[in-house]
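Colleague: Below, each chain spelled out in residue letters.
2 protein chains.
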Amino acid sequence: MFKIPDHQVAGHQASNGMMGPVVDDSGLFFKPLQKDERGSKEVAFYESLASNIDVPDKIRAYFPTFHGTQLIPASDGSGLHPHLVLQDLVSSYKNPSIMDIKIGSRTWYPQASEEYIQRCFKKDRETSSLALGFRLSGLQVHVSKEAGYWKPDRKCFQNSSAEIVKNVLKKFVSSNISADLDAGDLDFDCAFAPSVYGGSNGILAQLLELKSWFEDQKFYHFYSCSVLMVWDKEPNAAAAIKLVDFAHVVDSKCAIDHNFLGGLCSLIKFISEILTNPHACPNKPCSDSNSNCNGDSSDR
Amino acid sequence: MFKIPDHQVAGHQASNGMMGPVVDDSGLFFKPLQKDERGSKEVAFYESLASNIDVPDKIRAYFPTFHGTQLIPASDGSGLHPHLVLQDLVSSYKNPSIMDIKIGSRTWYPQASEEYIQRCFKKDRETSSLALGFRLSGLQVHVSKEAGYWKPDRKCFQNSSAEIVKNVLKKFVSSNISADLDAGDLDFDCAFAPSVYGGSNGILAQLLELKSWFEDQKFYHFYSCSVLMVWDKEPNAAAAIKLVDFAHVVDSKCAIDHNFLGGLCSLIKFISEILTNPHACPNKPCSDSNSNCNGDSSDR
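Taken in sequence, the protein lines are chains A and B.
Using my numbering, read the first sequence as starting at 585 and increasing by one per residue.
Using my numbering, read the second sequence as starting at 585 and increasing by one per residue.
The shape of chain A in the complex, shown without the other chains (with noise of 0.2 Å):
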């Protein structure tokens, strides 16, 4: 009945007999509570936004439909446990191309214990969020049928610079690639950028939706969550964002979320320079960002 999901790429993962996330097959995603606070935080983040009538439906649609708390087995043998009963993202797709994107330069939240907030600090500044306002957390590109999956270690990428991750956000809409990072940086075709970010309904609009909530919204702030990106080559699965893991949302203190805001602006700033200039060469300064790799920059 339960099973270890398919297409996990961050947070703990049920293998090794360690504690996991399973799903059933109705669509359903069991997120074990974690034992500290941070189960009981997450719990009260999903009641508070199921029952605050001033999230307008739009927004409510980008986080996952929340089914309450439920004891079910633990996936690692260890018996009955309390699981968040959320949907299953993912289900709904064949071959899933998946990126989880942790936003913000920031991880730690204000009142945190001190060791947490030196953890968190470090992590930070060691990682590309301190630089680009996000880190790449976890990823898998699906490649082909034959390939399978382009699924990199997350110590490969989060602690990229911002010509590794735009190269990173390429590949994952790209038709020429392979399982290999670096090759072929130069002339990643970036076929899917058009349908999966762009468009009416695409990624970047879907994104600059999210940000219009956050110039606004002054309920939560939101640490160390995510934005999942998922697409699907069939034609029927549509382009989506989601926003995940709520463990570390705290009161708002009457201010905007300005940590989240500003590494969501970063991240819709990579995506929207490369619909506008897909091909724009990855070497160049980064002021130069509307030249491109035929030689010829007269046109700037």
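These are computed hints drawn from the structure, not numbers from a lab.
Each hint should be verified, as a subset may be incorrect.
Chain copies aren't distinguished; within one or between two, either way the pair holds.
What the hints assert, rightly or not - Straight-line C-alpha distance at most 20 Å; calculated DMTMM-like pairs for lysine to aspartate or glutamate:
| no. | residue 1 | residue 2 |
| --- | --- | --- |
| 1 | Lys837 | Glu857 |
| 2 | Lys837 | Asp708 |
| 3 | Lys837 | Glu710 |
| 4 | Lys837 | Glu747 |
| 5 | Lys795 | Glu857 |
| 6 | Lys642 | Glu793 |
| 7 | Lys837 | Asp638 |
Position chain B relative to chain A; hints supplied.
Modeller: For chain B alone, coordinates are given in the frame of chain A:
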């Protein structure tokens, strides 16, 4: 020929024998170069900006005009010292009300020394920077010819809550004010809000124009930089914002300045709320910002 400025609200001030900026009567502001790398970095920024043809003129207008550097007598009597020669931003105002707002939840940059980072880190946590994405760094509000200016010590407000900051932003554009911050919290009339914050050329419109540029520009990251807001009751003196203090501007590493942008969006939200509903109850929960103080919130 040189004199101490009448209307400086933040930064090093020429008093008690300290070296500080001076002005002349032709509208120039002379800022002493700091002796460590901050001085040379600020000069380098102004020179870079002057030669950067990709910065639009409408954005360039938000920076003080730069007239190079000049050796002039230091205000502390220590002899000739190099000074930045800048536009005196308040020389055209008779009785300017001024607010200096340091933008960004983080005032340190990755390349700084560990000692500098730790000092800024502590201060950002102690002040409102962390929670609000900015802190009030200095201000004066013209009360009346007789009463002069309300010019509180920065210690009184730089670690303020969102409610206090909002009240200061209201008092900045109100006519029924005294020199006391706390008195009358509930009934600042915001009489000048429509003409100062609002309108197609008002402060909000200017902040939004600046925001659009920050969503796009990848030239500079501005740390410890302030937005200066200036206005005057004189009919010919237009409300204006300027960016000031560039001793900690660094290369962008090919990402937008998400730290500055997030803080700017937070400030924009405060000001737009004051314009939308100047008489919102300061003691109401922040999520309830559409209610007002008339006791009737049925038309929310």
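Colleague: If a hint holds in the structure, say so; if it doesn't, say that too.
Modeller: Comparing the hints with the structure gives:
1. Taking CA atoms no more than 20 Å apart as the test, Lys837 paired with Glu857 passes between copies only; the shortest distance there is 15 Å, against 34 Å inside one copy.
2. Within a single copy, Lys837 and Asp708 get their C-alpha atoms only as close as 23 Å, which misses the 20 Å cut-off; across copies the closest is 16 Å, which meets it.
3. Proximity of Lys837 and Glu710 under a CA criterion of 20 Å is satisfied inter-copy only: 15 Å between copies versus 28 Å inside one chain copy.
4. For the identical chains of this complex, Lys837 and Glu747 are inter-copy neighbours only, at 9 Å across copies versus 36 Å inside a copy, given an alpha-carbon limit of 20 Å.
5. In this assembly of identical chains, Lys795 and Glu857 lie within 20 Å of each other by CA distance both inside one copy and across copies; the values are 17 Å within and 18 Å between.
6. When the C-alpha separation of Lys642 and Glu793 is checked against a cutoff of 20 Å, the pair qualifies only within one copy, where the shortest distance is 9 Å, while the shortest distance between copies is 27 Å.
7. For the identical chains of this complex, Lys837 and Asp638 are intra-copy neighbours only, at 17 Å inside a copy versus 38 Å across copies, given an alpha-carbon limit of 20 Å.
Of the numbered hints stated above, none is contradicted by the structure.
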